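Colleague: Please take these sequences and the hints and turn them into a complete structure.
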Amino acid sequence: MSRVFSTNHRTIGLQYLWLSLVSVLVGMVLSALLRWHTSWPDTVIPILAFLEQTPERFAALRLLHGSLMVFFVLTAAPQMGFGSCFLPLQIGAGEMAFPSLNRLSFWMTFVSFAGITVSFFYPQDRGIDIWLASAALFSLGALFGAINFTVTTIELRAPGMTLPRLPITAWAWFLNAILSMLIFSVLLAGSAALLSDRLLGSEFFSTASFLAHQPQNLLRQGSLPVVWERLFWYFAQAEVYVAMLPCFGIATHLIATFARKPVWKERLVVFALGGVGLAGFCVWGCHMFATGMNPFAPLVFAILAASLGVPAAFLVASWLGTLWDADIEFTASMLFAMGFVSLFIAGGLSGIFLARQDLARAAVSEEFVVGHFHLVMGVAATFAILAALFFWFPKLFGRRLGEPLGKLHFWLTFSGVYAIFMPMHWLGLLTQSRLLPDAQRLALASASSSIRAFVTVATVWTVAAQVLFVVNFATTLLGRRSTVESNPWNASTLEWNALPLPSGEDLALARPVVYRGAYEFPDHESHAPVPQHVAPELLAARTR
Amino acid sequence: MPGTTSKPDIDLIIEPVREPIRRGGGPTAPPPGGDDSGSNDGKRRHRGQPSPNRYYTGIAVGIVSILMFFMALASAFLVRRGSSADWVAVRIPSLLWINTVVLLTSSGTIELARKRLAARDLPGFKRYWNISAVLGVGFLAGQVMAWRQLESQGIYLASNPASSFFYIFTGAHAIHLLGGVGAMLYVVFRNFEIAKVSRNVAAEVTAYYWHFLDALWIFLLLLLYVGR
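Same order as they appear, the protein sequences are chains A and B. For what it's worth, my numbering labels the leading residue of the first sequence as 1, then goes sequentially. For what it's worth, my numbering labels the leading residue of the second sequence as 545, then goes sequentially.
Think of the hints as simulated: they come from the structure by calculation, not from any bench. Treat the hints with caution; some may be incorrect.
What the hints assert, rightly or not - Here are some chain B residues pointing at chain A (derived, C-beta under 10 Å):
1. 598
2. 599
3. 614
Said to hold, decoys possible - Okay, the calculated bits of chain A under chain B, using three or more residues with CB under 8 Å as the criterion:
4. 82-91
5. 137-148
6. 153-167
7. 228-238
Said to hold, decoys possible - Partner residues aside, some chain B positions facing chain A, computed with beta carbon under 8 Å:
8. 605
9. 693
10. 702
Owing to the predicted nature of the structure, the values given are computational and were not obtained by experimental measurement. Cβ coordinates follow ideal geometry from the N, Cα and C atoms, glycine included.
Modeller: Below, the structure written as structure tokens:
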């Protein structure tokens with residue numbers, strides 16, 4: 001029991017990762033069910049045959065898929081999971097600043113997970129209440145986590161670990177914690193007020209009189225009044241970057257490690273990460289072009305959203321610059337990191353179109369948006385999570401995931417996700433474009449059913465490919481324990497240079513001293529960065 | 545192949561060197577190489593006491609997120625007020641002005657308590673600290689009475705948007721203040737001989753939080769008053 005309710009950062013990080021694993025598997029099955037219904041709307045959705053098959057049920061299915069994936073996979077795994085495990089080790093702290101708060105964060109997240117899952121089985125009205133309470137609880141847990149990460153990075157760095165020497169992963173976790181702290185407060189406030197509207201009858205967001213006093217042309221049928229939308233999108237657009245920032249950090253770190261080169265323009269990468277966070281914080285209006293805004297507001301938001309392309313493009317340039325002329329080691333982890341880059345570019349490009357409010361309103365439809373954000377946020381981030389899992393698995397479990405199976409899993413998944421989401425972009429552009437005459441649109445709509453079926457087959461293909469991952473994961477964990485070197489990837493950061501699987505207590509008492517940055521190579525010939533903690537005189541002795 | 549160039553010769557040895565507590569957390573310049581006792585490698589590890597600074601930074605960061613929570617509500621308040629004609633202004637109960645004076649006084653007494661503690665006058669500290677806690681509880685009791693006053697006038701949470709915002713602002717502030725009173729009681733009753741945190745640090749952090757809640761209350765009161 002003491003292990004379950006442990007305050008050890010590694011145990012808590014692993015608990016987050018297990019929760020994410022369960023969520024991602026359930027969420028993936030749900031996405032297959034959603035595709036089933038889109039392709040064959042007249043048939044009963046498998047597995048859910050015992051529930052009533054209503055439009056509300058389908059909406060609840062989408063909500064459950066989105067909530068599980070966004071909250072418990074994309075938000076929880078890269079930041080809270082890997083961050084809890086490795087931030088204290090990478091900065092030489094040994095433990096989080098507030099271990100008990102870390103435990104509280106996890107258990108709030110866990111209860112929220114249970115609440116959101118249970119809410120699906122309740123009738124719609126009660127289900128939304130439970131969902132809102134769970135989202136509020138998740139926000140509170142995320143807030144506590146963000147405070148903990150921020151304080152840990154500011155206060156607990158080892159002697160010599162100055163800010164420029166922080167690994168990019170630690171920078172990303174730190175910047176992301178600051179962003180999370182700002183936006184989850186807003187979601188908490190919004191959820192609390194909406195819950196109060198629903199349970200106590202207060203009148204923050206939705207009242208008949210509010211609607212009655214709005215100009216009719218600004219009202220959208222069936223939508224919530226704009227105050228809630230503003231608060232929600234204030235959170236939700238920045239949430240995309242909360243999911244992505246740690247993934248940027250992970251990708252940068254892994255690419256440098258496996259390319260055996262320093263991060264290209266490392267200092268500017270940190271600024272770019274900060275820039276993504278800052279701009280991401282300012283673009284919430286992009287989701288509200290259709291609501292009653294000041295006519296100039298969409299222009300401002302469009303410019304801000306497009307300006308996100310600048311730091312994003314810089315990150316891409318840095319990854320490519322690091323890979324340039326490098327002797328790359330194509331491990332499964334590196335493949336997933338490079339897959340992340342590919343998906344991020346592919347998904348990010350369509351984002352530039354969506355940032356333009358005129359295009360977003362007129363030319364594209366839901367499927368384009370679904371394709372865009374799944375590529376850039378969902379799938380790209382999942383690739384980064386998988387890259388991180390392959391990379392840190394030896395540190396977490398003292399054994400390595402199988403490389404051949406891992407690479408096969410990568411190629412099947414990589415081809416699968418492109419086969420799902422690229423056609424979705426076309427569907428969005430072709431079939432529902434409001435610029436085409438009605439007759440042409442109808443003709444295209446009937447022709448599009450084969451593309452939809454293709455997408456569904458690709459979804460089944462991709463979901464099936466994950467069996468390889470589950471097999472790899474299970475056989476590695478359950479199989480015979482192999483001896484693994486303490487630093488199998490030749491990384492320079494502190495977490496690899498402590499003894500394998502140290503207990504929190506031992507590490508809490510011991511602090512390394514840091515002498516250099518995370519990506520320093522002694523010379524061009526060398527294929528291994530210098531560990532951050534090795535004293536210069538020892539290094540000199542070794543080279544002699 | 546991964547691992548083929550690993551260098552086991554640079555694994556760490558944990559060495560129990562006690563490091564003095566520093567304000568400012570981790571990063572300082574690393575000691576020059578080979579500085580002591582002929583230890584000429586990079587295998588040194590210093591035993592580190594967790595810096596008490598984390599509590600100061602923790603409360604500062606916590607204050608930022610609490611501020612963001614209230615700013616979200618404040619922006620909703622302004623947008624909601626300006627966007628619909630169903631807004632019926634709430635007359636601020638006069639009791640709130642008395643409560644404000646009580647809260648401001650408590651900020652003063654908590655500062656006096658802090659000064660007493662710095663002068664190592666523990667009985668003086670406890671006296672002012674207890675007064676502050678009592679004033680804090682008095683403020684909360686006053687807020688409850690103000691709500692009762694409004695209820696007796698038929699103004700409830702669900703009456704109209706303005707009353708909803710009045711109750712959520714004062715209620716959310718009261719919940720945060722309750723946390724502050726809890727922290728004050730912690731400082732009173734905690735045996736600091738065995739605690740991780742010292743009395744000085746706990747008292748200072750609580751005082752900062754309390755001053756913040758004080759300032760936040762003034763802001764909320766002005767918002768409610770001006771934004772009627």
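Colleague: Hint residue 599 (chain B) vs chain A: min CB-CB distance below 10 Å?
Modeller: This interface hint holds because 9 Å falls under the 10 Å limit.
Colleague: Given a cut of 10 Å on the nearest C-beta pair, is the interface hint for residue 614 (chain B) held or broken against chain A?
Modeller: With Cβ-Cβ at 8 Å, under 10 Å, it holds.
Colleague: Take the stretch 153-167 of chain A, compare each residue's beta carbon with every beta carbon of chain B, and decide whether three or more fall closer than 8 Å.
Modeller: holds (count 10)
Colleague: Are there three or more residues in the stretch 228-238 of chain A whose C-beta lies within less than 8 Å of some C-beta in chain B?
Modeller: Since three or more residues must qualify, the claim that chain B covers the stretch 228-238 of chain A holds, with 3 doing so at under 8 Å.
Colleague: Using Cβ atoms only, decide whether residue 702 (chain B) comes closer than 8 Å to chain A, and label the hint accordingly.
Modeller: Because about 4 Å separates residue 702 (chain B) from the closest Cβ in chain A, which is inside the 8 Å limit, the hint holds.
Colleague: Closer than 8 Å between Cβ atoms is the bar; does residue 605 (chain B) clear it against chain A? Give me holds or violated.
Modeller: 5 Å, holds
Colleague: Mind checking the CB of residue 693 (chain B) against every CB in chain A and telling me if the closest is under 8 Å?
Modeller: With Cβ-Cβ at 19 Å, over 8 Å, it is violated.
Colleague: Please check whether the stretch 82-91 of chain A has three or more residues whose CB lies within less than 8 Å of a CB on chain B.
Modeller: violated (count 1)
Colleague: Taking a Cβ-Cβ distance under 8 Å as contact, does the stretch 137-148 of chain A have three or more residues in contact with chain B?
Modeller: Our answer is that it holds, as 3 residues pass the Cβ test (under 8 Å) against chain B, meeting three.
Colleague: With a cut-off of 10 Å, does the beta carbon of residue 598 (chain B) approach a beta carbon of chain A closely enough for the hint to hold?
Modeller: This interface hint holds because 4 Å falls under the 10 Å limit.
Hints 4, 9 from the earlier list are contradicted by this structure; the remaining hints agree with it.
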